Amino acid sequence: MTATRPTGPRRLIVVAILGCAALSLGHVNSPHIFIEEPVGPYPAVVLVHMPPAIPGEAELQVRLQDLRPDETVDVVTRQIPPQGEAHAPDWMVAEPSPVDPSFFSAPVPLMVHGLWQVEVAVRGTRGEGTTTVPIAARMARPRSMAVLLSGGLAALILLLAVTLIQIMRDLGRDAHRATIESPQQRDIRRGRRFAVAGLLGYALFIGFIAVAWRDFDGWTRFMAARSLTCELTVANPPATAGRPLELTLHVNGRNGRPLKRAVADHGKMMHLIMVDRPDAGHLLHVHPEASSPGEFKVRFTPPAQGSYLLFGDLLLDSGEGDTVTASLEVGPGAPSDEIASDVDGSVVLHALLDGEHLGRPTSDVGDGLVMQWVDGIVPDLKAGGFDRLEFELTDGAGRPMDGIELYDGVAALLLILREDFEVFARVLPTGTVAERRISTEGSDRLPRTASFPYGFPQAGLYRLWVQMKRDGRVYTGVFDVRVS
Amino acid sequence: MIVGWNWDISWHRSIGRDTVWTPAHVAIYSALAIAFAYNAALVLGHTFGARKGEPALRVLGFAGTAGAFITLWAILLQFAAILFDNWWHDVYGLDVIVFSPPHYTLSVAIAVFHFGQFVVVASYANTAPPEQSVALRRTLLVLWSFLIGHQLITDYTWGPMQVRSVLFMATSALFVPFSLVMIVEYLRSRWAGAQAALIYALWCVLLMQIFQLFPASPQFGPVYHHIPFLLPPPFPLLLFIPAAAVGAVLYRMRSGPSWARHLLVGLTFLVVFTSVNWATSALMAGPWGDNRFFAGGYPSFVYTPGYRVVTLMALDGRTVALAVLSVGLAALSSWSGVAVGRWLRRIVR
Chain A
73 MTATRPTGPR RLIVVAILGC AALSLGHVNS PHIFIEEPVG PYPAVVLVHM PPAIPGEAEL
133 QVRLQDLRPD ETVDVVTRQI PPQGEAHAPD WMVAEPSPVD PSFFSAPVPL MVHGLWQVEV
193 AVRGTRGEGT TTVPIAARMA RPRSMAVLLS GGLAALILLL AVTLIQIMRD LGRDAHRATI
253 ESPQQRDIRR GRRFAVAGLL GYALFIGFIA VAWRDFDGWT RFMAARSLTC ELTVANPPAT
313 AGRPLELTLH VNGRNGRPLK RAVADHGKMM HLIMVDRPDA GHLLHVHPEA SSPGEFKVRF
373 TPPAQGSYLL FGDLLLDSGE GDTVTASLEV GPGAPSDEIA SDVDGSVVLH ALLDGEHLGR
433 PTSDVGDGLV MQWVDGIVPD LKAGGFDRLE FELTDGAGRP MDGIELYDGV AALLLILRED
493 FEVFARVLPT GTVAERRIST EGSDRLPRTA SFPYGFPQAG LYRLWVQMKR DGRVYTGVFD
553 VRVS
Chain B
11 MIVGWNWDIS WHRSIGRDTV WTPAHVAIYS ALAIAFAYNA ALVLGHTFGA RKGEPALRVL
71 GFAGTAGAFI TLWAILLQFA AILFDNWWHD VYGLDVIVFS PPHYTLSVAI AVFHFGQFVV
131 VASYANTAPP EQSVALRRTL LVLWSFLIGH QLITDYTWGP MQVRSVLFMA TSALFVPFSL
191 VMIVEYLRSR WAGAQAALIY ALWCVLLMQI FQLFPASPQF GPVYHHIPFL LPPPFPLLLF
251 IPAAAVGAVL YRMRSGPSWA RHLLVGLTFL VVFTSVNWAT SALMAGPWGD NRFFAGGYPS
311 FVYTPGYRVV TLMALDGRTV ALAVLSVGLA ALSSWSGVAV GRWLRRIVR
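Residue numbers (our numbering), protein chains in the order written: chain A, 73 to 556; chain B, 11 to 359.
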């Protein structure tokens with residue numbers, strides 16, 4: 073991050089620049105894909121567990137929601153690579169689970185970088201249907217080797233060196249002697265020469281491996297860093313609490329030029345989420361407008377002094393989602409506890425990540441209303457699994473409220489942030505993939521329960537914000553959960 | 011081991027990477043387990059068993075034969091390489107490059123493994139009664155053909171025109187003359203190199219024809235070729251021709267100065283090897299090679315458009331410089347082949 077001081081009220085200044093990590097489908101370090109939607113006549117949840125690196129093998133899971141025991145169903149899948157359908161392998165049968173006949177899984181090898189489309193077809197007695205899951209296969213930044221493995225390998229390298237010296241010494245000194253008499257001086261000298269030669273060769277080999285590894289790692293890191301980048305500027309500095317700000321996010325594509333491929337996601341060119349660090353006490357959800365290619369402008373009022381981390385969700389014309397990040401420093405001013413009228417989303421005040429909310433099943437959202445986990449029970453959450461996170465907006469007596477309105481084009485919205493700000497996800501009732509809509513055909517009302525398919529990628533303390541709209545106002549419930 | 015590795019490479023090329031327990035992997039693990047058991051038994055026998063007290067090498071307090079320790083060391087190196095490789099795939103991706111550091115390590119480990127197995131038999135052959143010499147000689151030729159095949163497969167898999175690359179010329183000059191000269195020197199037979207190279211060609215052709223009998227369909231995209239069976243290994247290099255030439259020169263020059271002898275061996279190898287490769291690659295890349303016997307028309311991988319792109323030799327300064335360097339490397343390789351061959355003849359433990 074770089075920062076410069078304001079030099080004049082009318083000059084455009086750079087407040088913060090952050091190189092953005094390679095992020096998948098509108099998330100930060102939350103790579104797996106969750107979709108809940110009907111596949112033909114079968115309500116289904118489709119999960120894709122992404123591999124740690126590309127090329128790699130993802131795992132596709134299909135859970136059919138209401139499969140009766142007497143129903144027979146086949147699930148088949150096909151991966152369409154970025155090169156197009158002509159280069160797709162044949163359809164592959166997804167294997168049913170031996171313990172749960174409604175659960176199917178299939179490997180999805182992703183051998184090249186780019187946007188893949190995985191087709192999932194369900195065929196059974198009710199009929200058949202197909203859905204397509206977009207998968208962005210991006211080069212990941214290499215991770216370090218675990219201490220246990222690196223220690224083990226170092227021990228093996230040492231053991232190999234020690235044994236090689238002894239083997240080479242004996243090959244030179246003893247291998248040709250048919251008797252067990254003591255070696256002569258020249259045998260000993262030859263043994264030493266062999267040992268030195270062996271050690272030298274071994275050292276050269278290890279050195280060669282180390283250099284080749286270093287070069288490849290450097291290339292991988294360079295390629296992985298080629299992601300969307302974001303530069304944040306403030307048109308009317310200084311940025312202080314309570315004072316309307318005009319922000320511009322300059323987003324460059326992977327080619328380093330202004331991004332031209334952004335399209336609207338649920339009617340918005342960008343969904344910008346701002347959270348103050350380290351408390352995560354303030355959440356702002358605003359929607360910048362695209363003023364020119366790669367430029368997204370927004371006007372909003374920071375509620376309080378602090379350091380804000382910004383997550384900007386974008387949808388590209390390929391169907392691929394991406395998230396850019398930036399940071400914004402807001403100086404002291406006139407803080408306000410009121411929700412600023414220019415914020416599309418909402419502000420939640422003084423809800424710190426201090427354990428006060430941990431495990432609490434309800435959250436007061438104002439106007440006498442309460443957001444709560446369905447049935448008032450906080451589920452037991454585990455990393456690496458699948459959860460359906462269900463919430464509802466109720467009155468003070470716990471009765472679910474009718475009259476839920478569309479917000480951001482969906483019935484509800486879930487924002488997920490880990491305590492260390494390293495994991496962020498914006499989840500819709502349809503899952504983690506942008507621009508998928510649930511049909512409301514046959515019903516003039518949105519469901520009273522907001523349900524989100526998701527799986528926490530890592531353990532830790534998470535803050536969840538659930539947003540629902542009613543009577544033209546966005547209500548935000550705050551829930552802290554520990555994922556084991 | 012040699013079947014397992016060829017099978018595994020073919021599996022990767024035809025189907026894609028699969029589970030840990032593919033038949034090809036099982037073949038490799040089985041070979042490693044058998045080799046480990048046999049060589050560990052040799053060591054335990056010398057350390058605690060009936061052969062305790064016999065002349066042996068001593069490593070970490072254990073006693074055993076030279077071949078057994080070399081093989082066990084190679085298995086340990088393979089174990090380290092496999093650990094490294096698994097981590098590599100997790101971090102950088104599956105087979106993101108064929109010539110990765112863990113694959114280099116594995117390749118060296120396998121070469122040492124084959125050498126160790128050769129030494130196991132060689133140390134026995136050196137003291138065996140004469141009536142066993144024919145059988146032992148044949149065994150040694152077969153074992154050495156495995157090492158030759160392993161040396162070539164790491165660089166030759168990626169298409170018939172690969173043999174015309176300048177890099178292939180240099181790497182072959184460094185490693186191949188050693189194999190051809192070593193067996194000639196060890197067995198004291200000018201045709202031993204050609205015989206081992208011919209055995210390599212025969213088992214290679216056999217594997218090629220067998221692999222193509224098994225159906226396989228690509229499960230990795232992007233798919234560029236729809237070949238419905240296991241892709242065979244590439245048609246073997248006709249290495250027995252340069253091997254025969256090298257053997258003849260080696261014997262003809264026995265009385266001359268050592269440096270001139272090896273320089274001439276290096277030059278002979280390079281000229282004959284390159285000429286033969288040039289001719290066979292023309293055959294393989296043309297319509298005559300596009301059939302099940304020569305298998306010249308098959309791709310390197312079904313999920314890549316064609317063969318690996320290589321810089322082919324051109325008559326320019328770089329090629330000439332590399333050719334001169336390659337003659338030097340081949341001479342060095344030949345010298346080390348003679349040295350190791352002589353040393354192997356003396357091994358009795």
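None of these hints come from the bench; they were simulated from the model.
Predicted model, so just to flag it, every value in this text is computed and none were measured.
One or more of the hints may lead you astray.
Covered stretches of chain B (chain A as the covering partner; in silico rule of three or more C-beta atoms under 8 Å from a C-beta of chain A) [what the hints assert, rightly or not]:
| hint | segment |
| --- | --- |
| 1 | 75-81 |
| 2 | 229-241 |
| 3 | 245-253 |
C-beta: ideal position from N, C-alpha, C; glycine also.
We went through each hint and held it up to the structure:
1. As drawn, the segment 75-81 of chain B meets chain A at 3 residues by the rule of a beta-carbon pair under 8 Å; at three or more, the given contact holds.
2. Remark: the segment 229-241 of chain B is confirmed as covered by chain A, as 6 of its residues place a Cβ nearer than 8 Å to a Cβ of that chain, reaching the required three.
3. Against chain A, the segment 245-253 of chain B contributes 0 residues with a C-beta closer than 8 Å to a partner C-beta. That does not satisfy the three-residue criterion, and the hint is violated.
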